[in-house]
Amino acid sequence: MKTLALTLAAALCATTAMAQNTSITLGMQLEPPNLDPTGAAAGAIDEVVYANIFEGLTRFGSDGAVLPALAREWEVSEDGLVYTFTLVEGATFHDGTAFDAQDVKFSLDRARAEDSTNAQKALFASIADVEVLSPTQVAITLSAPNGALPFNLAWGDAVIVAEESAADNATNPVGTGPFRFADWVQGDRVEMVRNDDYWGEAVALESATFKFISDPTAAFAAMMAGDLDAFPTFPAPENLIQFEADPRYNVIVGSTEGETILAMNNGLEPLNNPLVREAVSRAIDRQSIIDGAMFGYGTPIGTHFAPHNPAYVDLTELSAFDPERSRELLAEAGYPDGFTTTLKLPPPAYARRGGEIIAAQLREVGITVEIQNVEWADWLETVFRGRDYGFTIVSHTEPMDIGIYARDGYYFDYAKPEFVALIDELEATSDEGARTDLMQQAQQMIAEEHVNAYLFQLAKTGVADARLRGLWENSPTQANDLTGVSWAE
Amino acid sequence: MHVARRLLSLVLTLVVASVLIFCVIEVLPGDPAAFMLGMNAQPEAVDALRAQMGLDAGLVSRYFTWAGGLLTGDFGASYTYRVPVAELIGDRVWVSLPLALYALLLSTIIAFPIGIIAAMRRGKAADYGIMGATQLGIAIPNFWFAMFLVVIFAINLRWVRAGGFPGWEDPLAAIGALTLPAIALALPQASILARIMRSALIDTLDEDYVRTARAKGLSQGGVVRGHALRNAMIPVLTIIGLQFSFLLAGAIIIENVFYLPGLGRLLFQAINQRDLIVVESTVMLLVMAVVVVTFLVDMAYAIVDPRLRR
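Chains as they are written, first to last, in the working numbering: chain A, 1 to 489; chain B, 490 to 799.
Excised from the complex, chain B in its bound form (with noise of 0.2 Å):
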């Protein structure tokens, strides 16, 4: 039944958010190919490439061409790059998705382990070292960070090239060429996922089973393990999902720093030229991924809380 519900909403989601999307975009003053064609373009010539791009049908059927694709994985041709926009969001998804994945994992890895001490030493020095640091982490801007780690490991050190992706043909440099980013995009993630971790374990530790476990003569790691840690991971699960879409997404600011070919800079570019197909198909396939993502994670509570599967 739960599961049932949210897959109705999920396509609910989908259907409006697809409405508001193209009707927002279109809206964009500008027209694609008066762009193409710049200042010295005659009007007849903006007039026939206008119809080429199919922009002479009216608004409706432009909608419905587009969506009718969508269901049928055609997303249209880029008014702009005029190859299909399946094939172009597909080659960047191939680098943002990696670089979301390889970020939230480094996130989760330093996260982890941090927050539990954190929760553990609770008033301890352990604990405001953690604290001062992940406030460091989180006021540090991620641009600057990945700045000074080009300056450092790719202009000093000479250890990595300072941006660009070499493509999955050669899998090591592409993991390579991914690292700085994803250490840049994990630094401030890691810090707030220590925090959420740590202040949920907290909470979880106060409830009155904690202390009955306690009671009982488990040890303090015992009770993390066997009980606190899986209550506490709720929000930290939640959190790690909302990452997870921004991560996608939002890493623009550092494609740019390291010149990915990603999504965020697709669709960047895509604004500017008013590929408005391209934007909105970007757009979309980012809400699919937000409205999904947000499905397994309330799937995955599920699972850490089988009181929710009813």
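Chain A with its partners taken away, still in its complex shape (with noise of 0.2 Å):
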């Protein structure tokens, strides 16, 4: 009996001990509904897989960069129109079929397709044709130029699957990947290995397991008790501090592509009024939201940009924190003693922290908001599609999306179309100087109009074991990228 406890407390060493040097245990807080990042928008799923499980022809890298993946290089046409992708050799998906220019068309071709349930279908919008000019070729000939056609391919939405698997991957994800996958236990967590056939640079990490802690008080325990290795985006920003005053661990905070945004609706008396909206973003003294909501957590914006991005322009001063000047602006737009409408506030924190906040100081100024707690189904038919609300807070998570202003029906109801034609004059522009003009021109626009009020960028807090290094501080796109990942002596 005592031997073999000896044993068992041996075996364990010996594997934690192993553990340490080559295997990763990351947390996330929602658990992805599936894992095929070309048929859902849950950010969860490209968390998991995107970078370890999935390649597409381009990819990001930590700060933002669009870089080349399955796709070696690629030349554009004289006109913009025509995009040749040189692609890797070698390559081979997880279930041993090889990849080539025909998993490409079939990849882009399926997303676009007119039964597509790509959730970023318009990303692929401009594609007219995709033509395979030889396996390692591939032409995409677009309807008009389309300078960001790299960047959209780098989408966790654009990865490159291949047809013999694609029905399946939702459940049993076959990538070209240097992870594959290995076990899903559903509510629980998410397990992969190395890919030792992997065509790129070989990663150091032999497998990696994604744990689901949706509650942060038991996120909190697990990395206190050792469970986790890392938890790259912590759902409790007031326990980093002490994570801060513990040499086991360190505390990553880098930015994400989250503008958070007091929504308005445009459409709405008296929300249409620009003084009013003026009104409003004047109301509200960002830092004390940061402060209060985000325990200091997040930068000011003054559009819908992200200060990172080298094309922002800081244009906070436009709607500056002046309560005396909002009252000012309410009764000169003829609403002397403020009105009343509706907060509809969706479940993460920066909303319901931050929305208690704002409340608060647009009574200040006489705006009385009836603040309702709504789940995101709910949001998204009631706000999003029904666009039955007042204000909203909500954080666009998306790289790149200023675009959104130009939709029309979108849910703010902008879309001027003096601002929609800026939009389709940046699209069809591929010049990097003239783009980053038109991208500071929109983003003066919408300022200048209060088009909603701009709170602050998220910020991604994590936290890991000392010893990890590799991780992405910044969250280009929602990626837990373990390629470069490693553990330190």
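Quick caveat, the hints were computed from the structure, so don't treat them as lab data. It cannot be assumed that every hint is accurate.
[Stated by the list, open to error] What the simulated footprint calls covered on chain B by chain A, stretch by stretch (three residues with Cβ under 8 Å from a Cβ of chain A suffice, anywhere in the stretch; the number is not a length):
id, segment
1, 577–587
2, 609–618
3, 651–664
Idealized CB from N, CA, C, for every residue including glycine.
Quick one: dock chain against chain with the hints and give me the complex.
What follows is the structure in structure tokens.
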């Protein structure tokens, strides 16, 4: 009996010691609904599979740069209409089938087909034709020039899948990436192991486990108890200070693509009046929301653009906190006594906590809001599709999404013709300098008209074992790219 | 006769429940396809997904497809996970059911002796002590107690993991993972059960036949074992039945604290994601469990009280 116990103990020690060097266990708050990034919008899917299991023609680097992936290089024709991609050689899918140009054509045609259920179908809207030139060359012909094509193809929704396995990717993802899917215990974890046939540079980790822990307190306990090696997007900012004080952990603070806004229903009286919208913007003290709701993490923004993007313009002054001016504007607009409207809050902490603070600040200038807490499904139906709301708070996490202001019938109901023209021009432009100029004009326009009240750029706050190296600091797309992750000695 | 009557009411309850569950859940605002595809989805992509999920069929026809499937054991496929609902629920039952049984076992092991001691020592120090302790046990929220256990045993002592469930391939590890959650769940249940045990026993101890038995020379312990305990069992069994149903479905908070993949969390997640078919089937399953447990408790009454056998 005693020997048995000793052997057991020795075995346990051995596995933990080995596990320390070549495997990793990551915590995530939300479990992905399935593992097919081409069939659902949930960011949690990309957080598991992006760059690990699936790869696209291009990919995002940790700084948001668009890098080559399955496409080694590409050329653009003079008129900007034909992109010719040269593919890497020797890549195979995890089921052993070879990767070639036919798979690229299949994946892109599938994503833009009539019965496609791709959540970001708009990314492929400019593609007119995909032609296989040779097993390693694909030509994509566009209906109009689109400078953002390599960027669009870097999204998780544009990864390359194989015809043989595409239908089962939701539960058994088969990609070309450095890790292959091993197991999914629904409600608990997803496991993956190193793909030894990987075409690219071999990864240091032998296996990775993603554990799903929705409760912030449980997430804290799991990190503290050493059950997890990292929690890249830690759900409880209030606990970060405890991790900072503990030498066993690193707190990793970076930026995301999430512009957090107080969205206003521009089609609803009195928010259809730009003066009223400016009054709302000026009644809000961004820093107190960042401090109060986000425990200080977040960067104030004055327009719908990520501050870490080189094309960003700081326009926070246009809506600087000034309750006095806010009351004047309300009087000027014909609402000297303010008005009443709804504030619908989806579940994330930034919305629920931020909403209380904003409601109090708006009350100071005479605007009364009725707070309604809603679930995401409800929010999507009533606010996003039904436009039945006055205010709502939401973080727009898609990268480079200022184009949503040009969408007809979008939930904040803006789509001013001048702005639409600007975005059309931007899409047709591939010269970097000209693109930057157009993006800045667009930022300026929506900030001057106070389409929404721009609050802050959502920070990415993560916790990791101090010996871990190579985790993404920023979140250019929702992903946990493990290709560069390793353990220090 | 008693059994047949009970069986008929069991079937009727299930039919009515299935209609109610289906209607209530279908009126929830929120479209599962729109939820899956998110904010950037194009309307035609959402429509294509709705068709794929079978949501374009009418309400009545969907009810019959679902209810018919329940009868044959085919629960349909989850909208979000894309796997059969039966498989999804099956996995979770293997966490929730053992956890509920484990907690119930702990709760009865604790409650029976202390309830009996309190009743036999009524008005004495032991009784006051036990009553005070059970009062505390009821008052402490179980999630708080659960976190307290995690801080001591997982974070400070590092004896067990803070949560999660390794699976039944390793039964010892699985039982280990369920131990703290079961203790956290059992504490308030044991407190309630002990108090019920005490008062039921005190009531029977005041009965005439107990006085008669004592007058005939039976010891206090003998009376409790031979007469009073059996008669006190009916309210206790009722509570155990109710507690089991509660533990099966109501462990959601504890499942969250220990991030266990149980039925409660499945239900919670499915409601958020508008995975209606999973919600409907899980709720239906829980209703079935409650109805069946109630039926079994009824049968157990008949065993402890022969008068009910007629």
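Evaluation of the provided hints:
1. With 3 residues having a Cβ less than 8 Å from any Cβ of chain A, the segment 577–587 of chain B passes the three-residue criterion, so the hint holds.
2. Residues of the segment 609–618 of chain B with a Cβ under 8 Å from some Cβ of chain A number 0, which does not satisfy the need for three, so the listed coverage is violated.
3. Evaluation of the coverage hint for the segment 651–664 of chain B: fulfilled, as 5 residues show C-beta separations to chain A shorter than 8 Å, against a requirement of three.
When each numbered hint is compared with the structure, a violation occurs for hint 2 only.
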